[in-house]
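Enquirer: With chain A fixed as given, assemble chains B and C onto it according to the hints.
Listed below are the residues making up each chain.
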Amino acid sequence: MNRRQFGLLPILLASCALVVLVSFFYPESVLPRGLTYVMPAPLSYSYSYFPFLAAIATSLFFARGFVKSGSVGLAALGIGSLVMGAGLLLPQVIVYLAPANANELMGISSLVFLTSGTLFAAFSTLSLLTADRTAKLSFGLLILGYAGGLALVALIAVAASSNILPPFFMPVKGPTLFREEVIGVSIILYGYSSLVIFERYRGTRDDILFWFSLGLAATALSFLAALLGILPGGPYSWLSRASLIVGGVYFTAALLTAYKSVASSTVELDGST
Amino acid sequence: MTNRERTGIVQLDEMLRGGFLQRDAVMVAGTAGSGKTTLGLQYLVNGATKYGENGIYVTFEQLPDQLYRDALGFGWDLRALEEQDKMRVVCTSPDVFLASGRKGKNLLDPYIGEVQARRIVIDSMSHVAMYVDDKDLRKETYRLIMYLKTQGLSSLLLFEAPQLIGAVGPLTDAGTSFLVDSIILLKPVEIESSIRKVVGILKMRGSDHDKNLREYEITSDGIVVGSSLSGYEGIMSGSPRKLQTVEMAAERFSKSFTGKARKG
Amino acid sequence: MVEGELLLKRLLSSDAKAELLTLFRANPGLVDGIDGVARRIGRTRASVEPEVEDLKRLGILSKRQVGKIEVLFLDRQKDAEVQKAVERYLSKVGRSF
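Chains as they are written, first to last, in the numbering used here: chain A, 1 to 273; chain B, 1 to 264; chain C, 1 to 97.
Excised from the complex, chain A in its bound form (with noise of 0.2 Å):
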């Protein structure tokens, strides 16, 4: 590990034990309600872009690697990048255009990162079953992907504007125990898919698995702050934004690594020998 990857280790680090102590501590119940901040309406999301952004591109970098591979562990992570973003940026979407109540964005966020965990966990699981390429499909199949997950989330936004979906959030009483529970397992799909693909970095030395494994830690950061917090704009919840830009950051680092990798292996020959 070299000094850049151990210097911002730490951070992330040092955020988890943060988020663990102060909870344990302080629970945000007995916080002074002075200590929140709420970001009004319009830039409520505003912290999402960045995020969402990289994780954009990290979707169309795998939708390229899997053209080439076939990879279906390469969709997988496509696809669930995909989501992802379009999780992170839907609530600012629907804020937008249409009011919408807490219930209905909270419900979107939960259960748009509860599919993309599960894909990112798909995908970590695949890799620890087999090598590398598991089939050879056509482009076609995965432009039927990419829009099965859009297709996905619209429908999770349908459900939970319709209000068929257990409620995720009750006016007074805060976040329910369902919402909870569907944060709780993204958590650990998140943190699960973290480790697995920290472990193949450390048998590789590849930065770029390196960078995308804290990038899904510190999302897990986030949605652990989320869990935490019940004060909007309270403390978490400016953890919670603030881990979310850092997994922003890491994913960002990830590709920039291999663009670096291979940008700087061009050759110029001298053309007059």
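Derived by calculation from the structure, the hints in this document are not laboratory data. Hints should not be assumed to be uniformly reliable.
[What the hints assert, rightly or not] Some, not all, of what chain B presents toward chain C, calculated at C-beta under 7 Å:
no., residue
1, Leu63
2, Pro64
3, Asp65
4, Val89
5, Val90
6, Cys91
7, Thr92
8, Ser93
9, Val96
10, Ala99
11, Ser100
12, Arg102
13, Leu107
None of the values given here were measured: they were computed from a predicted structure. All C-beta atoms in this analysis are idealised placements derived from N, C-alpha and C, irrespective of residue type, glycine included.
Expert: Here is chains B and C on its own, set in the frame of chain A:
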């Protein structure tokens, strides 16, 4: 396949859409060590052993015993093929070769008759060029090519390209590329600090051909042509650069997850 | 002196002749002018000319005209006969020891 002279090198024949056209004069240009001789021998050996087309190898510098030894390294027993009258290895000097046909019989006539040759390799035309005045080079080359066609021979004319690396300069000095029917280029390129070899068909009169540059290797079984050298541009100019860095970055990114990444 | 002995003496009368024989036997497809042949064994025309003439007289090397150049080549049949004669002689010599 009709009207085609197959080389027997699978991917190369695919590039040629089945093989060279019959009686075509094919220029094979390449630098030292690029595999011209190997390609020429493989063309003749495959012709004799696989397609019933006997051949003649004309060499000016390399002695036949050295060719026999080198060919054995690929599992080709040229002496045995000579004993079976499927092949002849003729070693002579360029001045003799040039003098041939001016008066009386051509030097190659007896050999063409002995083995009923259909193929011939001249190794190399660059040696012949050294014995000809510049002003006569094109004329002499034309005379040779027409003699070979008249004898019904499909010929590979090997040319030495002078530049090892860098841009591909003029392949010959006298515009010989205009006289031949096809041109195959064998070129070493530097990619990621290693020397790799690429083959390309620059010209093929009267036929479609693969426009891609393909990587090839000289293996223990002879020349093996691989896949297209995709993802690069500027190979012919001597400055291969990776095409579409973002695309390549995406592939590199994905490879990490399929377990094919290099160890860091 | 028997035929085989005479042949052997003539064939090995000089280094140049031995080199010429080695060259043509290892490269039966060699057909070249005397300048080219001399060059291939690292010698000059003048140094190989007498040896070439003797090998022509023995019939091991044959000649034909290619344009204005007289080219030399191995007469395989005659060369095989000469080799057999030498072998017969050597085997007799060997038995007498």
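Enquirer: Decide, hint by hint, whether the structure agrees.
Expert: To see whether the hints hold, each was checked on the structure:
1. Leu63: holds (5 Å)
2. Pro64: Holds, about 4 Å.
3. Asp65: Because about 4 Å separates Asp65 of chain B from the closest Cβ in chain C, which is inside the 7 Å limit, the hint holds.
4. Val89: Where the cut-off is 7 Å and the nearest Cβ of chain C is about 4 Å from Val89 of chain B, the hint holds.
5. Val90: The hint holds - Val90 of chain B has a Cβ within 7 Å of chain C, the shortest such distance being about 5 Å.
6. Cys91: Holds. Min distance 4 Å.
7. Thr92: holds (5 Å)
8. Ser93: Cβ of Ser93 of chain B sits 4 Å from chain C, so the hint holds.
9. Val96: With a closest approach of 5 Å, the Val96 of chain B hint holds.
10. Ala99: holds (3 Å)
11. Ser100: Since chain C brings a Cβ to about 5 Å from Ser100 of chain B, closer than 7 Å, the hint holds.
12. Arg102: holds (4 Å)
13. Leu107: holds (5 Å)
Violated hints are absent here; each numbered hint is respected by the structure.
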